[in-house]
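Asker: Could you build the full structure based on these sequences and the hints that come with them?
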Amino acid sequence: MLRFIAWRLTLAVPTLVLVTMFVFSLQKLLPGDPVLTLAGEERDPQVLEYLRHKYHFDDPIPLQYLAWVGSAVRGDLGMSLKTDQPVLRLIAQKLPITIELAALSMLVALLIGIPTGIIAAVRRGEAADYAANIVALSGISIPHFWLGVLLILLFAVELHWLPASGFVPLAEDPPANLQSMILPSFVLGTGLAATLMRHTRSAMLAVLRSDYIRTARAKGLLPPAVILKHAFRNALVPIVTLSTLLFGELIGGAVLTEQVFNIPGFGKLIVDAVFNRDYAVVQGVVLCVAVAFILLNLLADVLYVLINPRMRAA
Amino acid sequence: MTAVTAEALASPAKSRRGRALGVFMSNRAAVAGGIIIAAFVLAALLAPLLAPYDPIKTNFLAIRKPPSVMYLLGTDELGRDILSRLLWGARASLMAGCISVAIAMSLGVPLGLIAGYFGGVLDAVISRVTEALLSCPFLVLAIALGAFLGPSLGNAMIAIGLSAMPIFARLTRGQVMAVRAEDYMEGARAIGLPDRWIILRYVLPNVLSPIIVQATLAIATAIIAEASLSFLGLGQQPPAASWGAMLNAAKNYLEQAPWMSLSPGIAIFLTVLGFNLLGDGLRDMLDPREF
Amino acid sequence: MRPAGFALWAAMLLASTAASAETTLRIGLQDDPDLLDPHRARTYVSRLVFTALCDKLVDATPDLKIVPQLATEWKWSDDGLTLTMKLKSGVTFHDGEPFDADAVKFNLDRARGMPESMRKSEVASIESVTAVDPMTVAIKVKQPDATLLAQFADRAGMMLAPKASTGDVAANPVCSGPYKFVQRAQNDRIVVERFPNHWNKDAYAFDKIIFFSIPDTTVRFANLRAGDLDLIERMAASDIKAAKADSKLAVQIGSGLGYMGVDFNIANGPRAKGPWQDMRVRQAFSLAIDRNVINDAVFEGLYPPGAQPFPPASSYYVKQPVPARDVEKAKALLKEAGVPLPVKMEFKVANNPTLQQVAQIIQAMTAEAGIEINLLASDFATQLKEMQQGNFESDIRAWSGRIDPDGNIHQFVTCKGNLNDGRYCNPEVDKLLNEARTVTDEAKRRAKYTAVLDILQKEFPIIYLYFEPRVFAMTKKLQGFVPHPDGMVRFANLKMGS
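Residue numbers (this note's numbering), protein chains in the order written: chain S, 146 to 459; chain Z, 1379 to 1669; chain X, 261 to 758.
Calculated from the structure, these hints are not laboratory results.
Be aware that a few hints might be false.
[Claimed, not checked] Pairs of lysine-lysine, DSS-like flavour, derived with a Cα cap of 25 Å:
id	chain 1	residue 1	chain 2	residue 2
1	X	K591	Z	K1435
2	Z	K1435	X	K589
3	X	K645	S	K173
Bear in mind the structure is a predicted one, so any value in this text is a computation, not a measurement.
Answerer: If you want it as structure tokens, here you go:
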């Protein structure tokens, strides 16, 4: 197991190179001129030339990439074009916030999705199943933005139970921080819960309705608890796959939810950065997200083996 | 042996398909799902005949009017009839939903099958590629594609499909690894069946279940993603209608004109419900353990 | 907790809240400000933060008259080539440095000379700056410049502390304004707190100001309604009614400086070739639009329609009726121009829901006259680049506006203007606008701008649509707020009632 993990971690390096090179090239090939965008309304050709030269935007793209890698390995992820702030500092500020939102949302998703999926599978065809499905499908059909604004209007504007925004850092005031996280993690979590619920239900049904289980049940050979445990084990593989993937996507920044609830995480940062062609910021965030996915996929593969020791990945 | 299996062995000519269809038809929920989808597809195809008004005709005297006899679902921020836009928008949204998911599946599932079944170098390479794609922000991908290929609905679907591909690849891979560990797989390999045969006849049918579930869920996200793309300049350009674009416009008027959000929202919900019910039925139909 | 302990705790709590009744003003901004360096900044919202942080040489009143701030009086020499300004005494910067003529020289030299300075074109006419004595500065210009004082009422006139501003100013701007910089979290908030040694400190009631950046108008408004913000800038026109109806809120709508217009690619590259190169087609386009309908349909009647770049707040605003829609005349013009009908052109619009609404209305209107525009939405950066390169046919674009009329016109319609993406070129316009820059007599200047407007309203390189007002919504408890056309919140005399 440890050898496997070590092997995967060494693979991480070429993966990170691949990812950052891919995203870097893609960004550079995007239409739009970062210096022109930076200048906005104040378009002085001399200043634009100077800035282009200062940021080496005239250099060939591979050279620019190598320069980025060179500084990145020394811990310098560059500066945000828009505000001249070091990218590393921006990431250090926003990563904990993003992780907190992701973790809370994932918690909500798991706590709602899995039990609902189990109930729906066990009570297939009954009212509980239909109700669970309808709720789950609404969760995935309602856009986050819409739900978020609705909840703010209800809980913050009308009832004044929760803050509309005004994110408070966890270190500063834990209760206030959690208060401001309730609505956004609920919005994100319910969408994910829908996915988890549907997969849990489907995977459990695949076992519960199979011939040998039905026979065993009919003959009273196995206690219901054992049957359920066996069915649930079957559901664990897609649950693990999806949970790790969805968590990774959350780390990438829940753009719309952050916008609605004013959470200063990666989502807001990266949207702004892409629109402003703020290359260094996007690279920095992508690096973080790539590391997150590498670790999460590794976690998934390790969990597969724990669930079913015969599922050994290469 | 159950009666069903005995019958199957006795008369293989009585097609498996016929029996599968029987399974499907007896599943009322699945049939309901099929009817819903068929209704939307028909509405989309017959939009020119069914729509009471021109979906892009503005009427500045009828801005944001609530549902009435004249405008059954109300009007939007430019005085256009929502019902007509809903019908015409069905084309763009259904296509966005189905084709993007089809692209994602046609790329992701084979890759996942290969990665999960063969393991080794193939798995390493494919998994790293999917990790790269996952780490790439959707926004960057979308704007880049829009720039290279030009803004159109088709290119929007490619962007959405590419972003959704890794999930299908990972899901399939995980499922294949679970199936590969089963006893009958050892048996199949022992008697020397070629890999391609094993994958197509043994592995694929057993991994279809979560893939179908994910596909039906992905349709919802694809329809909504199309909206953010048209907003960015990729995909349907204004004033063409799509459910997602209607939702986009409606979000500024949540309190003033709630009917603007309800119509496309319910349409999306029903479509997703239909596909999910259909998907459930399809899964039951294809589940090899039924036979 | 036992009763005695509880009482003690409660008493201490009360005492502490009474003692530190720190007043904070929470403001919601539409965008995240960029560099907090007045010489490098280029966003509209960063000006709002600067108004708290930095004093300027002069300020502008709501009717755009220039009044003293750090400069107490000023005089142009007879030949119009030297501006002598007397400075306010007793002013200190946030780091304790005294404000004097050398500080002014430092700042103006930096604005002119720093390679990355975005203010260069604004102070391009300055030849040299000399400190005549500690409280007097003489600014020599290459030719008479009527726009200079107005520039000093904006970022070019903001004064940074010389000794503290040799390094990275944006990370920690040190000015002399009523508030000093505390911290900044990108895409989140900027915090400033009271500067106790400000020369006008008694006028400022708030101890702390926090600027939040909340790009979505619906969300920003919801935050105000929920009481999490005290003041927001810019609202969606459709929310204004709801804000007015809310008993806890007040809405203040002031005249603005900016406008919205349609540009045409007249001579920038191969894509300029098209029917719109004929000015009659552009005239027809303008006649096909009913500006009042746009105002009513999208902006609830709050955005004054207009056909000129000079805003109503400016004394250079030419009083003329808004051109009415005339589809028949438009059709006649198209026929006269002999272009094949329908006239087709691509119309770029940014990914902004309001702009897309306006664009769709224009599309519907021009179609009736025989002009079919094909809407192409794109993100802002792409659009900017395409326009600069001439990869466009027509588009709709806003200008945030400047105090001096030159700022709203020169860069856009002079042959070499930096923002003249359509490359419209009329030597007569160039001559008039360059002359208008050097003429200080207001009546003479106005005559020149009126002459230019006459030409522009025949040749239509830009079709002006409407003026953007400055909309602010705030809690009713906020007293002393006065909307200014430049959109800046002046914090003096602003206080929270109860």
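Asker: Given the hint that X:K591 pairs with Z:K1435, does the C-alpha gap stay at or below 25 Å?
Answerer: holds, 21 Å
Asker: Holds or violated: are the alpha carbons of X:K645 and S:K173 at most 25 Å from each other?
Answerer: holds, 14 Å
Asker: When you check the alpha-carbon spacing of Z:K1435 and X:K589, does it fall within 25 Å?
Answerer: Satisfied, since the Cα-Cα distance of roughly 23 Å is no more than 25 Å.
The structure is consistent with each of the numbered hints, conforming to all of them.
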